[in-house]
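Peer 1: Sequence:
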Amino acid sequence: MDYKVHESAIVDEGAQIGSGSRVWHFVHVCGGARVGRNVSMGQNVFVGNKVTIGDNCKIQNNVSVYDNVHLEEGVFCGPSMVFTNVYNPRSLIERKDEYRDTLVKRGATLGANCTIVCGVTIGAYAFVGAGAVVNKDVPDYALIVGVPGKQIGWMSEFGEQLDLPLSGEGRAVCEHTGAVYTLSGQSLRKSEGA
43 MDYKVHESAI
53 VDEGAQIGSG
63 SRVWHFVHVC
73 GGARVGRNVS
83 MGQNVFVGNK
93 VTIGDNCKIQ
103 NNVSVYDNVH
113 LEEGVFCGPS
123 MVFTNVYNPR
133 SLIERKDEYR
143 DTLVKRGATL
153 GANCTIVCGV
163 TIGAYAFVGA
173 GAVVNKDVPD
183 YALIVGVPGK
193 QIGWMSEFGE
203 QLDLPLSGEG
213 RAVCEHTGAV
223 YTLSGQSLRK
233 SEGA
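Position 25 of the sequence shown, counted from 1, bears residue number 67 in the numbering used here, the numbering being contiguous throughout.
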(Lines of atoms letter the chains of each structure in order from A; the text may use other names.)
(Lines give C-alpha, C1' and ligand atoms only; values in the text may rest on other atoms or scores of the structure.)
Protein backbone atom coordinates (compact mmCIF):
# COMPACT_ATOMS: atom_id res chain seq x y z
CA MET A 43 0.00 0.00 0.00
CA ASP A 44 1.62 3.25 -1.13
CA TYR A 45 -0.93 5.64 0.33
CA LYS A 46 -1.69 6.60 3.95
CA VAL A 47 -4.86 5.60 5.80
CA HIS A 48 -5.56 6.78 9.34
CA GLU A 49 -6.46 3.97 11.73
CA SER A 50 -9.98 5.39 12.22
CA ALA A 51 -10.74 5.38 8.46
CA ILE A 52 -12.56 2.59 6.60
CA VAL A 53 -11.51 1.66 3.09
CA ASP A 54 -13.78 -1.09 1.76
CA GLU A 55 -12.32 -4.00 -0.17
CA GLY A 56 -12.15 -3.23 -3.88
CA ALA A 57 -11.59 0.52 -3.55
CA GLN A 58 -8.80 1.78 -5.80
CA ILE A 59 -6.62 4.50 -4.28
CA GLY A 60 -3.58 5.94 -6.04
CA SER A 61 -0.09 6.31 -4.66
CA GLY A 62 0.67 9.22 -2.39
CA SER A 63 -2.98 9.74 -1.38
CA ARG A 64 -3.91 10.50 2.22
CA VAL A 65 -7.07 9.19 3.90
CA TRP A 66 -7.55 11.02 7.18
CA HIS A 67 -9.65 10.54 10.34
CA PHE A 68 -13.11 8.91 10.06
CA VAL A 69 -13.10 8.74 6.25
CA HIS A 70 -15.16 6.00 4.54
CA VAL A 71 -14.23 4.99 0.98
CA CYS A 72 -16.67 2.47 -0.56
CA GLY A 73 -15.44 -0.56 -2.50
CA GLY A 74 -16.36 0.68 -5.97
CA ALA A 75 -14.62 4.07 -5.67
CA ARG A 76 -11.69 4.97 -7.90
CA VAL A 77 -9.38 7.55 -6.37
CA GLY A 78 -6.31 8.93 -8.14
CA ARG A 79 -2.78 9.73 -6.99
CA ASN A 80 -1.89 12.36 -4.37
CA VAL A 81 -5.49 12.90 -3.28
CA SER A 82 -6.12 14.29 0.20
CA MET A 83 -9.38 13.30 1.91
CA GLY A 84 -9.88 15.26 5.14
CA GLN A 85 -11.68 14.25 8.29
CA ASN A 86 -15.17 12.73 7.95
CA VAL A 87 -15.16 12.43 4.14
CA PHE A 88 -17.44 9.84 2.50
CA VAL A 89 -16.75 8.49 -1.01
CA GLY A 90 -19.48 6.41 -2.68
CA ASN A 91 -19.19 3.35 -4.92
CA LYS A 92 -19.86 5.00 -8.29
CA VAL A 93 -17.36 7.83 -7.81
CA THR A 94 -14.18 8.78 -9.61
CA ILE A 95 -11.70 11.23 -8.13
CA GLY A 96 -8.80 12.39 -10.29
CA ASP A 97 -5.18 12.89 -9.31
CA ASN A 98 -4.22 15.77 -6.98
CA CYS A 99 -7.73 16.51 -5.69
CA LYS A 100 -8.20 17.98 -2.23
CA ILE A 101 -11.41 17.08 -0.42
CA GLN A 102 -11.69 19.00 2.82
CA ASN A 103 -13.45 17.95 6.05
CA ASN A 104 -17.10 16.85 6.11
CA VAL A 105 -17.63 16.35 2.36
CA SER A 106 -19.71 13.44 1.00
CA VAL A 107 -18.91 12.52 -2.59
CA TYR A 108 -22.01 10.51 -3.51
CA ASP A 109 -22.57 8.03 -6.34
CA ASN A 110 -22.46 9.49 -9.86
CA VAL A 111 -20.13 12.35 -8.89
CA HIS A 112 -16.94 12.53 -10.95
CA LEU A 113 -14.03 14.84 -10.15
CA GLU A 114 -11.31 15.38 -12.73
CA GLU A 115 -7.70 16.17 -11.81
CA GLY A 116 -6.93 18.93 -9.32
CA VAL A 117 -10.43 19.67 -8.03
CA PHE A 118 -10.68 21.44 -4.65
CA CYS A 119 -13.74 20.65 -2.50
CA GLY A 120 -13.95 23.12 0.39
CA PRO A 121 -15.02 22.23 3.93
CA SER A 122 -18.60 20.99 4.29
CA MET A 123 -19.52 21.58 0.65
CA VAL A 124 -22.39 19.39 -0.59
CA PHE A 125 -22.98 17.14 -3.57
CA THR A 126 -26.37 15.58 -4.31
CA ASN A 127 -27.34 12.77 -6.67
CA VAL A 128 -31.16 12.78 -6.66
CA TYR A 129 -32.93 15.89 -7.94
CA ASN A 130 -36.21 15.49 -6.05
CA PRO A 131 -35.58 13.18 -3.07
CA ARG A 132 -38.30 11.70 -0.90
CA SER A 133 -37.67 9.32 1.95
CA LEU A 134 -40.74 7.24 1.05
CA ILE A 135 -39.96 7.00 -2.69
CA GLU A 136 -37.04 4.88 -3.98
CA ARG A 137 -35.12 6.89 -6.61
CA LYS A 138 -31.74 5.16 -6.87
CA ASP A 139 -32.37 4.53 -10.57
CA GLU A 140 -32.76 8.30 -11.06
CA TYR A 141 -29.27 9.37 -9.96
CA ARG A 142 -27.96 12.21 -12.11
CA ASP A 143 -24.32 12.50 -13.08
CA THR A 144 -22.31 15.46 -11.82
CA LEU A 145 -18.98 16.29 -13.46
CA VAL A 146 -16.44 18.69 -11.98
CA LYS A 147 -13.73 19.41 -14.52
CA ARG A 148 -10.00 19.85 -14.06
CA GLY A 149 -8.79 22.47 -11.59
CA ALA A 150 -12.22 23.70 -10.43
CA THR A 151 -12.70 25.07 -6.91
CA LEU A 152 -15.87 24.42 -4.90
CA GLY A 153 -15.90 26.78 -1.92
CA ALA A 154 -16.82 25.98 1.67
CA ASN A 155 -20.49 25.16 2.26
CA CYS A 156 -21.49 25.49 -1.39
CA THR A 157 -24.08 23.06 -2.78
CA ILE A 158 -23.83 21.41 -6.19
CA VAL A 159 -27.27 20.20 -7.32
CA CYS A 160 -26.92 16.93 -9.23
CA GLY A 161 -26.88 16.76 -13.00
CA VAL A 162 -24.60 19.73 -13.67
CA THR A 163 -21.13 20.16 -15.13
CA ILE A 164 -18.70 22.54 -13.45
CA GLY A 165 -16.24 23.79 -16.06
CA ALA A 166 -12.47 23.60 -15.90
CA TYR A 167 -10.90 26.05 -13.44
CA ALA A 168 -14.32 27.45 -12.52
CA PHE A 169 -14.56 28.92 -9.02
CA VAL A 170 -17.73 28.45 -6.95
CA GLY A 171 -17.77 30.82 -3.97
CA ALA A 172 -18.49 29.81 -0.39
CA GLY A 173 -22.17 29.12 0.27
CA ALA A 174 -23.29 29.30 -3.38
CA VAL A 175 -25.96 26.95 -4.72
CA VAL A 176 -25.22 25.72 -8.24
CA ASN A 177 -28.22 24.36 -10.15
CA LYS A 178 -27.04 24.73 -13.76
CA ASP A 179 -23.89 24.15 -15.78
CA VAL A 180 -20.94 26.44 -15.10
CA PRO A 181 -18.58 27.55 -17.91
CA ASP A 182 -14.82 27.06 -17.79
CA TYR A 183 -13.10 29.78 -15.67
CA ALA A 184 -16.43 31.22 -14.43
CA LEU A 185 -16.72 32.80 -10.96
CA ILE A 186 -20.07 31.83 -9.39
CA VAL A 187 -21.58 33.22 -6.18
CA GLY A 188 -24.98 33.46 -4.50
CA VAL A 189 -28.23 31.56 -4.13
CA PRO A 190 -29.05 30.52 -6.74
CA GLY A 191 -25.53 30.73 -8.11
CA LYS A 192 -24.86 33.30 -10.81
CA GLN A 193 -21.74 34.25 -12.68
CA ILE A 194 -20.13 37.51 -11.59
CA GLY A 195 -16.75 37.22 -13.30
CA TRP A 196 -13.90 35.10 -14.59
CA MET A 197 -10.99 33.42 -12.77
CA SER A 198 -7.47 32.57 -13.89
CA GLU A 199 -6.01 29.10 -13.46
CA PHE A 200 -3.87 30.64 -10.70
CA GLY A 201 -7.07 31.47 -8.78
CA GLU A 202 -7.28 35.25 -9.22
CA GLN A 203 -10.22 37.19 -10.64
CA LEU A 204 -9.59 38.55 -14.14
CA ASP A 205 -10.59 42.06 -15.19
CA LEU A 206 -13.03 41.09 -17.94
CA PRO A 207 -16.72 41.70 -18.67
CA LEU A 208 -19.12 38.76 -18.35
CA SER A 209 -19.59 38.63 -22.12
CA GLY A 210 -18.37 40.29 -25.28
CA GLU A 211 -14.75 40.65 -26.29
CA GLY A 212 -11.76 41.12 -24.03
CA ARG A 213 -8.28 40.10 -23.07
CA ALA A 214 -6.55 39.81 -19.69
CA VAL A 215 -3.09 38.72 -18.55
CA CYS A 216 -2.57 36.85 -15.27
CA GLU A 217 -0.02 38.88 -13.30
CA HIS A 218 1.29 35.73 -11.60
CA THR A 219 1.85 33.45 -14.61
CA GLY A 220 1.76 35.69 -17.69
CA ALA A 221 -0.97 33.53 -19.20
CA VAL A 222 -3.27 35.38 -21.59
CA TYR A 223 -7.05 34.89 -21.37
CA THR A 224 -9.26 35.85 -24.30
CA LEU A 225 -13.00 36.38 -23.97
CA SER A 226 -15.16 35.75 -27.02
CA GLY A 227 -18.90 36.01 -26.44
CA GLN A 228 -19.57 34.07 -23.26
CA SER A 229 -16.51 31.83 -23.53
CA LEU A 230 -13.03 32.30 -22.09
CA ARG A 231 -9.91 30.52 -23.31
CA LYS A 232 -6.27 30.61 -22.21
CA SER A 233 -3.02 30.77 -24.15
CA GLU A 234 0.44 30.46 -22.60
CA GLY A 235 2.23 33.76 -23.19
CA ALA A 236 1.55 37.47 -23.47
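In short, the hints are calculated from the structure, not lab data.
Errors might be hidden in some of the hints.
[Stated by the list, open to error] Quick list of in silico lysine-lysine cross-link-like pairs, BS3-like style, CA-CA up to 25 Å: (1) LYS178 with LYS232; (2) LYS147 with LYS232; (3) LYS147 with LYS178; (4) LYS92 with LYS147; (5) LYS138 with LYS92; (6) LYS147 with LYS192; (7) LYS192 with LYS178; (8) LYS100 with LYS178; (9) LYS192 with LYS138; (10) LYS138 with LYS178; (11) LYS46 with LYS100.
[What the hints assert, rightly or not] Pairwise CB distance ranges (calculated): (12) PRO190 with ASP139: 24 to 34 Å; (13) ARG137 with ASP54: 33 to 43 Å; (14) ASP44 with LYS192: 41 to 51 Å; (15) GLU136 with GLY212: 13 to 23 Å; (16) LYS192 with ASN130: 14 to 24 Å; (17) ARG132 with GLY212: 38 to 48 Å; (18) ASN91 with GLY212: 21 to 31 Å; (19) LYS192 with GLY212: 15 to 25 Å; (20) LYS92 with GLY210: 38 to 48 Å; (21) HIS48 with ASP139: 47 to 57 Å; (22) ASN130 with SER233: 41 to 51 Å; (23) GLY220 with ASP139: 45 to 55 Å; (24) ARG213 with GLY62: 18 to 28 Å; (25) PRO207 with GLN58: 37 to 47 Å.
Glycine included, every Cβ here is placed at the ideal spot set by N, Cα and C.
Peer 1: Hints first: check each against the structure and report whether it holds.
Peer 2: Hints, one by one, checked against the model:
1. LYS178 with LYS232: Judged against 25 Å, a Cα distance of about 23 Å means the pair holds.
2. LYS147 with LYS232: 15 Å, holds
3. LYS147 with LYS178: Distance ~14 Å between LYS147 and LYS178 Cα, so the pair holds.
4. LYS92 with LYS147: Within the cut-off at roughly 17 Å; holds.
5. LYS138 with LYS92: 12 Å, holds
6. LYS147 with LYS192: Given pair LYS147, LYS192 holds - Cα atoms ~18 Å apart, limit 25 Å.
7. LYS192 with LYS178: 9 Å, holds
8. LYS100 with LYS178: Measuring from Cα to Cα gives roughly 23 Å; hence the hint holds.
9. LYS192 with LYS138: 29 Å, violated
10. LYS138 with LYS178: 21 Å, holds
11. LYS46 with LYS100: Between LYS46 and LYS100 the Cα gap is close to 14 Å, so the pair holds against 25 Å.
12. PRO190 with ASP139: 24 to 34 Å: 27 Å, holds
13. ARG137 with ASP54: 33 to 43 Å: 23 Å, violated
14. ASP44 with LYS192: 41 to 51 Å: 43 Å, holds
15. GLU136 with GLY212: 13 to 23 Å: 49 Å, violated
16. LYS192 with ASN130: 14 to 24 Å: Between LYS192 and ASN130, where Cβ atoms are some 23 Å apart, the hint holds.
17. ARG132 with GLY212: 38 to 48 Å: 46 Å, holds
18. ASN91 with GLY212: 21 to 31 Å: 44 Å, violated
19. LYS192 with GLY212: 15 to 25 Å: Between LYS192 and GLY212, where Cβ atoms are some 19 Å apart, the hint holds.
20. LYS92 with GLY210: 38 to 48 Å: Holds, since LYS92 and GLY210 (Cβ atoms, about 40 Å apart) stay within the stated range.
21. HIS48 with ASP139: 47 to 57 Å: Violated - the Cβ-Cβ distance for HIS48 and ASP139, about 35 Å, lies outside 47 to 57 Å.
22. ASN130 with SER233: 41 to 51 Å: 42 Å, holds
23. GLY220 with ASP139: 45 to 55 Å: 49 Å, holds
24. ARG213 with GLY62: 18 to 28 Å: About 38 Å separates the Cβ atoms of ARG213 and GLY62, which means 18 to 28 Å is violated.
25. PRO207 with GLN58: 37 to 47 Å: Distance hint for PRO207, GLN58 holds at roughly 44 Å.
Taken one by one, the earlier hints fail for this structure at numbers 9, 13, 15, 18, 21 and 24, listed in ascending order.
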